[in-house]
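Based on the sequences and whatever the hints tell you, model everything.
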Amino acid sequence: MSPQSCFSALVILATLLSVEPAIAQQQGPPPAPPVTVAPPLAKRIATWDEYSGRFEAIEAVEVRPRVSGFIEKIHFKDGQLVKAGDQLFTIDPREYRIAVESAEAEIARSDAQVDLAENEVERARPLVKTGAVTERDFDQRSANLNVQRAALQAAQASLKRAQLNLEWTAVTAPVSGRISDRKVDIGNLVTGGTGGTTLLTTIVSLEPIHFVFDASEADYLRYGRLSLAGGRKSSRDTDNPVRVRLADEAEFKHTGHMDFVDNQLNARSGTIRGRAIFDNKDQLFVPGVFARMQLFGGDLDALLIPDGAVVSDQMRKIVFVVGDDNVVKAAPVTLGPLEEGLRVITKGLAKDDKVVIEGIANPMVRPGAKVTPKPGEIKAAEAPPPPPSQQ
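Quick note on this note's numbering: the sequence shown kicks off at 6 and runs consecutively.
Watch out, some of these pointers could steer you wrong.
[Said to hold, decoys possible] With a Cα cut of at most 27 Å, we get these calculated DSS-like pairs of lysine-lysine:
no., residue 1, residue 2
1, K379, K334
2, K384, K334
3, K48, K384
4, K78, K238
5, K238, K352
In short, the hints are calculated from the structure, not lab data.
The following block contains the structure:
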């Protein structure tokens, strides 16, 4: 390349370098990114506290015989529903029928002895006045009558006991519910009475059903202070509402109410036992099933924002707010539950804050950046329409 050509190239390069800063200066800084801002939705909501627990039967009974004998019949199918009073087992009743007949015979004998003693007393009564029967002899006959009457009462009591034992050879269901499997088969000898009795089967009631859970000491104190302040009545005094969801469910759609709070805290765990009751007409709940429960915790004046407006910052949850100078600031917040499709903010926001609800995905929207705010509105989600009625 000739010297003249090199000089021309240098002149052109110098011209370009001097023009680019001028063009950049004419264009200015990039425009502030647009965002949509809105104040949090202030609303009074019902708060719900979550607990884990299990369902328990209101009535759970071990069926045991009251008399001993051989199992003669079994009247149920393993696992079926039974009603109180349904016959479950038959113990060989022949021995107990004989005992009843023997007691009836003893009553007849004692009754005859009473009649004889009464006749002897009546015959001797007028003879005492004439001296034909001494006072001592009359007293002896009267005492003998009382002995025979006592023997008759003992025989009657023995008959009642024998009849009761005979009745107990028919083992019936003491409660309604679902029965377990049989623990003995036909032909087995079972032991009845008060100690060392044979377990025949078990029954658990299903409708209604209890849900048992443990609440922390902090929750117990909070509920107590709410009750004293008039914000929420104690579950000991009122049927506070509860709702539950099973392990395969996403929503708390089964409703019930509280019916018991224990009288002391567990010293080891620092928790107190609570109990709710649920209808179980479809018998979906069975004793032992695990579930999550929500307990009404009182009304709260809350601030709600869209869940998408919450950003994770390492270990914190933050919300972008725009100040009067249109500069983005990060506000650390404490999150509550979802309510009507919005996230409850329990701490960190004021009701007049301008929260960024749209435009967060723009990488230029970050704390310290200047933005162009556009007013928006936060609305609660509409409740789904009721299902069509079945004609």
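Hint numbers contradicted by this structure: 4
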